[in-house]
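Chemist: Each chain, letter by letter, is given below.
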Amino acid sequence: MGIAVAMVVNGRNVTAEVDERTLLVEFLRRDLRLTGTHVGCDTSQCGACVVHVDGRAIKSCTMLAVQAAGSAVTTIEGLGSGTQLHAVQEAFRNCHGLQCGYCTPGMIMTAVELLKRNPNPSEHQIREGLEGNICRCTGYHNIVKAIASAAKVLQATAAA
Amino acid sequence: MYSFNYVRPSSVAEAVKALNGGNFLSGGMTLLPSLKMRLARPETLVDLAGIAELTGITIEGDRLCIGAMTRHSDVASSADIQRVLPALAELAGGIGDPLVRNRGTIGGSIANSDPSADYPAAAVALDATIVTDRREIPASSFFTGLFTTALQAGELVTRIKFPMIKRAAYAKFPSPASRYAMVGVMVVDTGKGVRVAVTGAGPCVFRQEAFEKALDQNFAPQAIDGIVVSAEGLNQDLFGTPEYRANLISVMTRRAVAAVQARR
Ligand SMILES: Cc1cc2nc3c(=O)[nH]c(=O)nc-3n(C[C@H](O)[C@H](O)[C@H](O)COP(=O)(O)OP(=O)(O)OC[C@H]3O[C@@H](n4cnc5c(N)ncnc54)[C@H](O)[C@@H]3O)c2cc1C
Ligand code: FES
Ligand code: FES
Numbered sequence: 001m002g003i004a005v006a007m008v009v010n011g012r013n014v015t016a017e018v019d020e021r022t023l024l025v026e027f028l029r030r031d032l033r034l035t036g037t038h039v040g041c042d043t044s045q046c047g048a049c050v051v052h053v054d055g056r057a058i059k060s061c062t063m064l065a066v067q068a069a070g071s072a073v074t075t076i077e078g079l080g081s082g083t084q085l086h087a088v089q090e091a092f093r094n095c096h097g098l099q100c101g102y103c104t105p106g107m108i109m110t111a112v113e114l115l116k117r118n119p120n121p122s123e124h125q126i127r128e129g130l131e132g133n134i135c136r137c138t139g140y141h142n143i144v145k146a147i148a149s150a151a152k153v154l155q156a157t158a159a160a
Numbered sequence: 001m002y003s004f005n006y007v008r009p010s011s012v013a014e015a016v017k018a019l020n021g022g023n024f025l026s027g028g029m030t031l032l033p034s035l036k037m038r039l040a041r042p043e044t045l046v047d048l049a050g051i052a053e054l055t056g057i058t059i060e061g062d063r064l065c066i067g068a069m070t071r072h073s074d075v076a077s078s079a080d081i082q083r084v085l086p087a088l089a090e091l092a093g094g095i096g097d098p099l100v101r102n103r104g105t106i107g108g109s110i111a112n113s114d115p116s117a118d119y120p121a122a123a124v125a126l127d128a129t130i131v132t133d134r135r136e137i138p139a140s141s142f143f144t145g146l147f148t149t150a151l152q153a154g155e156l157v158t159r160i161k162f163p164m165i166k167r168a169a170y171a172k173f174p175s176p177a178s179r180y181a182m183v184g185v186m187v188v189d190t191g192k193g194v195r196v197a198v199t200g201a202g203p204c205v206f207r208q209e210a211f212e213k214a215l216d217q218n219f220a221p222q223a224i225d226g227i228v229v230s231a232e233g234l235n236q237d238l239f240g241t242p243e244y245r246a247n248l249i250s251v252m253t254r255r256a257v258a259a260v261q262a263r264r
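Residue numbers (our numbering), protein chains in the order written: chain A, 1 to 160; chain B, 1 to 264.
Derived from the structure by calculation, the hints contain no laboratory data. Treat the hints with care, as some may be off.
[Claimed, not checked] What the simulated footprint calls covered on chain A by chain B, stretch by stretch (three residues with Cβ under 8 Å from a Cβ of chain B suffice, anywhere in the stretch; the number is not a length):
1. 40-53
2. 57-66
3. 100-114
We put the beta carbon where it would ideally sit given N, CA and C, even for glycine.
Construct the complete structure from the given sequences, taking the supplied hints into account.
Modeler: Here is the structure:
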């Protein structure tokens, strides 16, 4: 038995019939083929699955697709313009903020919301902001540097 | 997950009627993981997200009223709460991580009575009132044990009312892995007596009366020096022994008292 859901994903209207148990992350990856959002733990701990729902960063493995009905969802695929990376993506590349890349989409989606709430965070505030995102490779230093560098770029763009 | 019926009503009355032995779903940060593990098998999930009357932060007379569906991040960032009850905003800002705070709600946390949850300490130390679809319950008789409360079957928490007290602070020793409280202590200087509530240490939140008496005499961190906290009945898990938690109760209380003293 399916439930009809309609939502906006990366600016596009989508409608589908889903099983009520379908997690938002399953809906994005399996039904919409937006596989940039990853599943690391499936137990609400690692943050690999972070997307934005109505502007808030959330763990999409801990939300049902039906709960997102009527909402606007942004995934890592929807951040840049297709030809141009988002400033936070660009900063991760420049600062070597990733190794295997598994945690990266979630890190970036968390960082984008962090910078929206606090455009000029201290190093401590960046580290606190990443408490829900786990990285097995980098040791976090370059992730923190990338976010600090993106903050500078975004502030310069906002001032221009 | 077992299958269930999903409904998203738009009023409290409809939600209570639709429940039919199922579960209310608010932030889902506790309920969805337990459904994934098949620890529960509700026939119906009643999503509270569409009910406008469950949201909002208002000041009514001498009370701060917070709707049950208010997310932890909204309590943490509310300018009103930071002004009239800063300890509560700080507590909410220390729950889990930013992603958990963007979903988890005060109503869900209170209703769940997790032994390591933060809000129960604030509710008990501040002597809050839990408002439901049918009555008002004082926090002092709300938390009855491990994951159990005074709520009847099908009773819905609609909002929580707090007194507005500046001289209050919460000190938490978070589990380095989960961020839940190993021990968290809320200290409130009401002007008519000190109240100390402890979470994380026992099966559910409790008051530490010996500390309250000592702090009534002398509101200073060292006032509790020499008072022995018994480890009997305290939690034992991978992360700490009862004795370790008993010691943390004293340490966190001193920190909370110092934080109250630092407020003006
Ligand atoms: C990684 C992680 C870290 C966390 N860290 C912390 C922490 O440090 N401190 C802390 O306190 N918590 C922590 N939590 C728990 C979090 O705060 C949850 O949000 C909270 O425990 C439950 O709230 P919820 O809104 O998600 O409720 P749900 O999961 O939706 O519901 C929980 C239970 O309450 C019932 N319920 C929900 N709303 C109501 C209502 N209005 N009336 C009656 N019953 C209701 C539900 O039926 C269910 O049984 C953490 C969770 C995660 C996943
Ligand atoms: S996959 Fe969602 S938090 Fe790990
Ligand atoms: S880059 Fe490999 S998990 Fe973070």
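Chemist: For each hint, tell me whether it holds in the structure or not.
Modeler: Results of checking the hints against the structure:
1. 40-53: Coverage by chain B holds for the region 40-53 of chain A (6 residues, Cβ < 8 Å).
2. 57-66: holds (count 7)
3. 100-114: holds (count 3)
The structure agrees with every numbered hint stated previously.
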